[in-house]
Amino acid sequence: MKILKKLAITASAIAMMSVGAQAAGEIKVGSAGGVTGPIAELVAAIVKGRQVAVDHVNSSGGLLGGDTMKLVIADSACDPKAAVDAGNKLVNVEQVVAIIGPSCSGATNGMVSSVTIPAGVTVLSDSATAPSISELKDNDTVFRASASDAYQGKAIADLVWKAGIKKVAVTYSNDDYNAGIANVFTTEYKALGGEITGNQAHEPNKASYRSELSTLNQGGPEALALFAYYGSSGITIIKNSLENGLFGKFYAADGMFDNSVIGQIGADNLKGNLWITQAASDTEDASYKAFAEAYKAAGGDPEAPYAAHGYDVAFLMALAIEKAGSADRSKISAALRAVAGPEGEVVRPGEWEKAKKLIAEGKDVNYEGAAGINDFDKNGDVTGLFSVNIVGDDGTWSRSMLK
Amino acid sequence: MDAFYGYMLYGISLATMGGIYAVLTLGLNVQWGFTGLFNAGIAGFFGIGAYTTAILTTAPTHRHLGGYEMPYVVGFLAAMLLCGIIAYLVGKVCLRLRSDYLAIATIGIAEIFRLILKNETWATNGPRGVSEIPKPFEHWPEPWNQFAFLALVLVIVAIVYVLVEVARKSPWGRVMTAIRENEPSAKAAGKNVEVFRMEGFVIGCMIMALAGALMAHYLKFVDPNATDPLLATFLVWVMLIVGGSANNKGAILGAFLMWVVWSATEIVTSRLPDELAIRAAYIRIFLIGLMLQIFLQKFPQGILPEKRPTVPKSNRNSETV
Chain A
28 MKILKKLAIT ASAIAMMSVG AQAAGEIKVG SAGGVTGPIA ELVAAIVKGR QVAVDHVNSS
88 GGLLGGDTMK LVIADSACDP KAAVDAGNKL VNVEQVVAII GPSCSGATNG MVSSVTIPAG
148 VTVLSDSATA PSISELKDND TVFRASASDA YQGKAIADLV WKAGIKKVAV TYSNDDYNAG
208 IANVFTTEYK ALGGEITGNQ AHEPNKASYR SELSTLNQGG PEALALFAYY GSSGITIIKN
268 SLENGLFGKF YAADGMFDNS VIGQIGADNL KGNLWITQAA SDTEDASYKA FAEAYKAAGG
328 DPEAPYAAHG YDVAFLMALA IEKAGSADRS KISAALRAVA GPEGEVVRPG EWEKAKKLIA
388 EGKDVNYEGA AGINDFDKNG DVTGLFSVNI VGDDGTWSRS MLK
Chain B
30 MDAFYGYMLY GISLATMGGI YAVLTLGLNV QWGFTGLFNA GIAGFFGIGA YTTAILTTAP
90 THRHLGGYEM PYVVGFLAAM LLCGIIAYLV GKVCLRLRSD YLAIATIGIA EIFRLILKNE
150 TWATNGPRGV SEIPKPFEHW PEPWNQFAFL ALVLVIVAIV YVLVEVARKS PWGRVMTAIR
210 ENEPSAKAAG KNVEVFRMEG FVIGCMIMAL AGALMAHYLK FVDPNATDPL LATFLVWVML
270 IVGGSANNKG AILGAFLMWV VWSATEIVTS RLPDELAIRA AYIRIFLIGL MLQIFLQKFP
330 QGILPEKRPT VPKSNRNSET V
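First to last, the sequence lines map onto chains A and B. Quick note on our numbering: the first sequence kicks off at 28 and runs consecutively. Quick note on our numbering: the second sequence kicks off at 30 and runs consecutively.
For reference, chain A alone in the conformation it holds in the complex (with noise of 0.2 Å):
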């Protein structure tokens, strides 16, 4: 019994912490993600993004007459279950204006088809890329900050055959992500003239990928196109290509783009041999620089996948709550295209004070993004920027971006 006690003095504690938490003038959003299941560790950054945007609002001037706006997290866990029953949490219990997520294509689609379209909610995912989410019939309520697969897809599939690589192998990790732009990969880079030798899925987290590497490596590759998370199952696949003289160049998308890649793998062996697309951030862009700053004094690594994402989606919602003039929900998505561009001013991350005042006075405004500019076509997609990375004479990551 003194344990039940416990548990309840407990309880009636965060209980009261929550009602403390919902202070008058507060405008909460939902955030949604996948802070547990597969791709927790590249949520850990994106939701950090997330925040720092919300902390540029806050701390210089907060959302319309001075209120703050609260993020409220739930988890989606990469799983369409667990994301539905978060987004009725969000939708229903939290009474959010509007959500930013979740992490997952599979999530968002089940989120967004069985709660949020129906109930009429504005859903911004920073992370979301299968060219599914563009065809559903959604009252122009889901948008993305992060370019449909078919783009990256396209990037590659242009990059490789501009090296004048006439046959490739490709593998990829089975998964949504990674299997969506295997395949347009492959379409693209027919089109374009290319043979495809091989085409094979693995399944992550195996001890060893020889037996498919060495099926894979028949009919005269010159390349194999990776796309695997690098954690998974992207490292190993290249130490054992490397080990056994199977393949010497490699194409990955931006499931790959880690420094560990390097550290495990060592830069002399990765040296022209290795080159790795990324969705997003154009380094010399000073949309891009004034994020990283952001991010890195808020003591994170501001080329973690989709961190530059999350800042974005975070602050478009701001500025999209602010052009509303209201937390009504049925303003947000108008509002969303109205301060995503193209016309009008361009806002750069943490400009908040100069985009409130903008819109105070009327004004259009244009966000352009850390990760791109965000002007949402039709559907609510954006096309995105693409970088390619390879291993400098440094032994570090060098970007130069794609046209």
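Don't read these hints as lab results, they were simulated from the structure. The beta-carbon is built from N, C-alpha and C at its ideal position, and this holds for glycine as well. Please note that the accuracy of each hint is not assured.
[Claimed, not checked] Derived Cβ-Cβ restraints for the label pairs, each shown as a range:
(1) B:Val-103 to A:Gly-419: 54 to 64 Å
(2) A:Ser-427 to B:Thr-294: 42 to 52 Å
(3) B:Val-103 to A:Lys-381: 53 to 63 Å
(4) A:Leu-186 to B:Gly-137: 32 to 42 Å
[What the hints assert, rightly or not] Pairs of lysine to aspartate or glutamate, EDC-like flavour, derived with a Cα cap of 16 Å:
(5) A:Lys-164 to B:Glu-161
(6) A:Lys-55 to B:Asp-303
(7) A:Lys-189 to A:Glu-215
(8) A:Lys-164 to B:Glu-167
(9) A:Lys-233 to B:Glu-140
(10) A:Lys-97 to B:Glu-304
(11) A:Lys-298 to A:Asp-421
Add chain B to chain A, keeping to what the hints say.
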């Protein structure tokens, strides 16, 4: 929106998910509670049910097999039928195994199903899943469509409950208990144990497929995550153990209770600061495991322990003779 209305809508969603889990838990109860079959591959059968109805009822699309736009009833029945056939084939191979070995075999079977659903892209759209699954009553105005779907789920829970309760009290149910308690003596009494075990397994799997089909329509989306064991196998086991194995009321109670614990804890944790809220998400998973431990240690029979049906008088006389 007014707060009360919001809580009511959330309550509906809690009850709907709880109801779907209740169907799933009743299916497991037929297998484990009645017959003593340790099925650790619930997620696989659940996934088959979800995909079958998803493929049959969606509108035409280039992404996956399907586009038949069949009525919901056909989807539900086909899900159960297909799952029954697959369960029969699986049972042929696995059911001779003793309980712990059966558990290992069914984990493997569920994993095979998951890989098939993930890799047969032409039929299932692979890891991208099947989207835009129609949902019954979705064209009704809010909130009535949600009420109507909840009513549908509750009616199905009630029907399944009545059927398995009748089965439990019948001679068939008593044979099941006999097999669970002491297989050799059931055999000695002239019962064909293998046939009975197969019946229990197939019926349980068909009920699980029905739950999968309901879930697919409720979420309007299904992907291979549907076969993720955390939410579709282990949580169901915890529900049954907590509620009371072999007691159908207990199975339903456990399902609703554990789903509320699982879902509603986040309302509290989301109020914590960001860093803590992210960590607290893992505590929810821990909490489920903790409850399982507490119940296994302190109340191994669950909240509602098993009640053996009383044997009708006429039978009792003949048995004592």
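Status of each hint after checking the structure:
| no. | hint | in the structure |
| --- | --- | --- |
| 1 | B:Val-103 to A:Gly-419: 54 to 64 Å | holds (60 Å) |
| 2 | A:Ser-427 to B:Thr-294: 42 to 52 Å | holds (47 Å) |
| 3 | B:Val-103 to A:Lys-381: 53 to 63 Å | holds (59 Å) |
| 4 | A:Leu-186 to B:Gly-137: 32 to 42 Å | holds (41 Å) |
| 5 | A:Lys-164 to B:Glu-161 | holds (9 Å) |
| 6 | A:Lys-55 to B:Asp-303 | holds (14 Å) |
| 7 | A:Lys-189 to A:Glu-215 | holds (13 Å) |
| 8 | A:Lys-164 to B:Glu-167 | holds (13 Å) |
| 9 | A:Lys-233 to B:Glu-140 | holds (15 Å) |
| 10 | A:Lys-97 to B:Glu-304 | holds (14 Å) |
| 11 | A:Lys-298 to A:Asp-421 | holds (10 Å) |
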